[in-house]
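**Q** Below are the chains, spelled out letter by letter.
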Amino acid sequence: MSVELLNFIETVLNGLMSGIMYSLVALGFVLIFKASGVFNFAQGVFALFAALTLVGFQTGQVPFSHLINELFGTKLHHWYPEIHSFLAIIFTIITMIVLAWIIERLVLKHLVNQEPIILFMATIGLAFVLEGIGDLMWGSDVKVLDVGIPSGGSEWLENATIGLAAEGSEYYGMYIDVLNVWATVIAVILVTALALFSQYTKTGRALRAVADDHQAALSVGISLRTIWVFVWAMSGFIAMVAGIMWGTESGVQFSLSLIALKALPVLILGGFTSIPGAIIGGLLIGVGEKLAEIYIGGLFDIGAIENWFAYFMALVFLLFRPQGLFGEKIIERV
Amino acid sequence: MIYKETGQYNSNYRSDHAIFPLMQDKIAFSLLMLVAFLFVPFVVDSYWEKAILVPFLIYSMAAIGLNILTGYCGQVSLGTGGFMAVGAFSTYKLMTTYPDLNIMIIVIISGFISALVGILFGLPSLRIKGFYLAVATLASQFFLVWLFNKVPWFYNYSDTGQITVSERTMFGVPVTGAAAPPYATYLFCLVLVVVFGFAAKNMIRSKIGRSWMAIRDMDIAAEIIGVPPLKTKLTAFAISSFYIGISGSLYFAVYLGALEVTESFDIMAISFPVLFMIIIGGLGSMLGSFLGAAFIVLLPIVLKNFMVDLVGLSAVTAKHFEITIWGLLMVVFLIVEPHGLARLWSIAKEKLRRWPFPY
Amino acid sequence: MSLSKIKNIPFGKNIIELKNISLSFGGVKALTEVSFEVKRGEVFAIIGPNGAGKSSMLNVINGFYKPTSGKINFAGQERLQMEPEFAAKSGIARTFQNIALFKGMSTLDNLMTGRLLKQKQNLFMQALYIGPAEKEETFHREKVERVIDFLDLQSIRRTPVGSLPYGLQKRVELGRALAMEPEILLLDEPMAGMNVEEKQDMSRFVLTANHELKTTIVLIEHDMSVVMDISDRIVVLDYGKKIGSGKPEEIRINKAVIDAYLGVSND
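Residue numbers (numbering that gives the first Met the number 0), protein chains in the order written: chain A, 0 to 333; chain B, 0 to 358; chain C, 0 to 266.
Incorrect hints may have been included.
Said to hold, decoys possible - Computed cross-link-like contacts, DSSO-like style, restricted to lysine-lysine with a CA-CA straight-line distance of at most 30 Å:
1. B/K230 to C/K119
2. B/K230 to C/K4
3. C/K134 to B/K25
4. A/K142 to A/K74
5. B/K200 to C/K88
6. C/K142 to B/K200
7. C/K6 to C/K102
Hints listed in this document are in silico derivations from the structure and should not be mistaken for laboratory results. It should be emphasised that the depicted structure is a prediction, and the values quoted were computed from it without experimental measurement.
Chain A on its own, in the form it takes in the complex:
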């Protein structure tokens, strides 16, 4: 095999792996949108908040310690030494469930029947609140997140592929981060579990009923509010997984919340309501982005087109297929 081809394969592999993470975040959006009609802009901040909380629990930080110290002149920082990451994850999940419940109580309940765009803007406000509270609780310094997922280049793959190139050519094997492999495995498990859950359980059925028609679901006795708390908690959980992955890679800091913005083109591509759309869209965007960065970005020698390329891909696609990958053709009625 030629070096070019091997490089191409490496790029595609890496693209697929970052793509599955986009899919995961996009799934968080889709779940909430389907069940409550809300385009939850705070999804990215969810991930940040979850990661912050996880680190906080793990290292035993006292919540709001900065604030308390400044107000009362105390010197609080930690109340217990580090605990096992599994326990910290459990605590974080509980926190996300409580958060979902609070959001339903304080925000969603009051905004039912509002226009979707108002709901959307409310979630922007929500993002600000969560960001501020996250910082107040745990401090805004960059934190190291380590829950025991290995990271670094895979030597095995490097050794296995180094011999594939043609004799005499300069090739050092493929580089793939083990963390990404783990992320992919976990994301695949999660996505499968979600699909099975919504297909085969009672709650899953209720979920699909609500997604189809709120009022019809209400009329057969499904509690809309319970479902809402449920999906918001669920997407909080998904956010946590994404937060762990990205937090491990680049530390827990504000920029984490912006990563969700990169999952948005996936939504344009796959549609706001389609789970398969989110998955395929995520993969497409992941691969397209990596290829573009190397083959187009390299061409102009300016780089960093990753920031917007995915959006352009999605938009160009939309011009030809306004209903997205899996959406049905919309018939407008008057």
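Use these hints to put chains B and C onto chain A, whose structure you have.
**A** Then chains B and C, alone, in the frame of chain A:
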């Protein structure tokens, strides 16, 4: 019964359709203008200029722009930062390429350039609506900031990527650069805001404004009564970007003097705060654009005074509180009063009209 | 094609001819080979049970739906489909079954949108709002005020229409259509959900528009007594097919129509 319209009759449709049909409003507005033009310039110091008045005027301009697109035409945009950057960088390029061109003309040309870019990025609005469009406007935000950051031509190949303003005068008085006196920068912005503020109000009460609102409220019905959807939406994009571009131009040339694009026109630095302004101030309200801008300028000052100087918190913690409070206000306003401060103001006026009777 | 061409058609002559119109949405047939014609100056009613394709018919006439096959002869010109903007410019106005008002705007502004096509000032003049621009606004305001007087909407002039009761919203919608000074008025169930008095009011407005403004009316309505009272000719649709047409007294005794309404099976 302080604020009553009894006894004031509009005997023709012309006066009935005026911007301020009531005598009280007319007088109040004239007084405000008198103070703004004839009193403030003589007393304004550099703190008031830099911390309150100039940012207020510039944000008002941006808020009017976004309100036209989002509040009146119903197209949510998260790309305000990108369009402000277009205004700023157009101004920089024009200033360095044509050193003799009058600064007022440069600012207005920058507005027109932004309008063109706005039309370009408004094109997807033909095919996509609602959230899809909101997400698409993010593309313009990311792309434009990337462009001004990565293509050195835009910042004249400077090493830092910064753009810096040089001194320009109006009637012999510098209005840009470090030597500009507070009253000059203030008046420069004020004139632009008043002129274009009136222009915006006039458009809103004319044919084009009604077309925008028709598209906002029900695009299908609008099309059937003969409103061309694409043309109307693109006009909204163009005019909105014109205002936002001018505000970006002023932000760079008059207010900051020197800036770096990723820092100054970031989505968190501009796009969300301006959206915040029109939500708090009032979607689809001219007055709301001003109230929202005032709110966003004053809130951090008040909070800082309260939390840092009075309670003794550190500046960082106060900043976190500020973000939280912004978010809370946004949610609370959307729940309690989706029409923002402007509606609260009109309710207050209504109360004044009936005072001292409850109804 | 302009308004003047329509104005040249004598009263009582065909203004719209629909020939074998079929319409389907991805396999679902909404209309099958429907033909009828509307004469200038008449009140023409389309009736039929729910789902018969009546609203789709109006949508074809004003170009919101494009027929799958068939031809439309509009004011002497044959075409395959209409365009909404063209229809509006040619003097076709309409109201909707589920009220399609601009809910965030006042009654006055909603009516003023009916004048949009007739306002010619450019953007720059609108922004300046002096001289001709102001004059134009005032001119159209006067026109709209006449419609407001006609429909008794004075007291709700400044009220946002979203907060008006249903019956009034229907009236405002008629007002917006009338503000367009249409040659042809398409009314989709203008009296649905109204009480007897409101229906009487509405019938009076429709008939006055027809008699005094000489507007051609195409109307969908479920209340048979109203339809029989005010319409000159009627076409009956069922399952997207035309099952009868003629004067009210003919329709009243038409076997197929009676069967369709009473649910008697034809086979």
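**Q** May I ask which of the numbered hints given earlier this structure violates, with the numbers listed in increasing order?
**A** 7
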